[in-house]
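Please take these sequences and the hints and turn them into a complete structure.
For the sequence shown, counting from 1, position 273 maps to 257 in the working numbering; every step adds exactly one.
Rather than coming from a laboratory, the hints here were simulated on the basis of the structure. The reader is advised that the hints may include incorrect statements.
Said to hold, decoys possible - Derived DEER-like restraints, expressed as beta-carbon distance ranges:
1) TYR32 with VAL214: 22 to 28 Å
2) ARG102 with GLN134: 35 to 41 Å
3) PHE176 with GLU131: 42 to 48 Å
4) ILE36 with PHE109: 43 to 49 Å
Note that CB positions come from ideal geometry on N, CA and C, so glycine has one too.
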Amino acid sequence: MTATETPPVTAATGAASAAAPGRRMPRIRTVVVAASAYLIAFVFLFPYLVMILTALRPQAELRERAYLPTVFAWENFANFWKGGLSGNLLITLQVAAGSTILVLLVALPAAYYTARHRFRGRMAFLILVLVTQMFQPTAMLVGIYREFSQLGLVDSIWSLILVNGGFNLAFAVWILNAYFSSIPRELEEAAFIDGTGRFGALFRITLPLAAPGVVTALIFTFIAAWNEFVVALTLTTSPEQQPLTVRLNSFIGQYQVDWQNLFAGSVIATIPVIILFALIERKVVSGLTAGSIK
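Below is the structure:
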């Protein structure tokens, strides 16, 4: 073959040249999808970045238009602990943990029984549970306050645990019911044949398989109780009994707002939830798809 001759076009080379644009297209699509994902993530994370930078600004630079402070005021975070807000953070943790435990103790047997037994009025019961989600605590504040006032539980941590547990119970029952329904009955029947009782099959087989659904109910209940504000503002009066969400409101005055300390407290209040969600994020995602595939 001379220098002026061109190589013959075969079927293989033609197929390779035709496949080259096809290989480039998935790469371009991957780049576009990745860039869009990073852009969306930045849009959602940008407010948190602003919150952190504001928490690190000195008071004299709060009205500055610069994105970064010239001096990082770490003392804003120290003021959180010096101001006694660590006790309010502990109250918030107790309310969120207590509400979550209460919800799981009630929702697990209710969801398991409705998933395994087809009794009369089962759907009516589940629909009634779902209907309770339509009522917001703000619409019943007067009645809630009167009830707990008669019980002597105003300005008590137990009132917050009961209210948060009650308003998050319906979601936990429904998601756990869907997850228990997706677990085959044959697994429990095989355990019965081996001599395991109902509770043994529940704790040894069903609950381990339902762990993603349990974790999903746990994290959503915990976050809802952690962020609750209106009921806590109504039922608590003394500063030492208020959750952190209510206590941070004291930085907002009639004529000025203590922005740097407010944002420093908000950053500290956000960290425990982020850590908890990061630890169990995989189980939360699998729990949200419960019952979609059998």
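Cross-check of the supplied hints:
Evaluation of the 22 to 28 Å hint for TYR32 and VAL214 yields a pass: the beta carbon distance comes to about 23 Å. Restraint check, ARG102 to GLN134: a C-beta distance of roughly 40 Å satisfies the suggested window 35 to 41 Å. Distance hint check: the CB atoms of PHE176 and GLU131 are about 44 Å apart, consistent with the given range 42 to 48 Å. Checking the proposed 43 to 49 Å range against ILE36 and PHE109 shows it holds: the Cβ atoms sit about 46 Å from each other.
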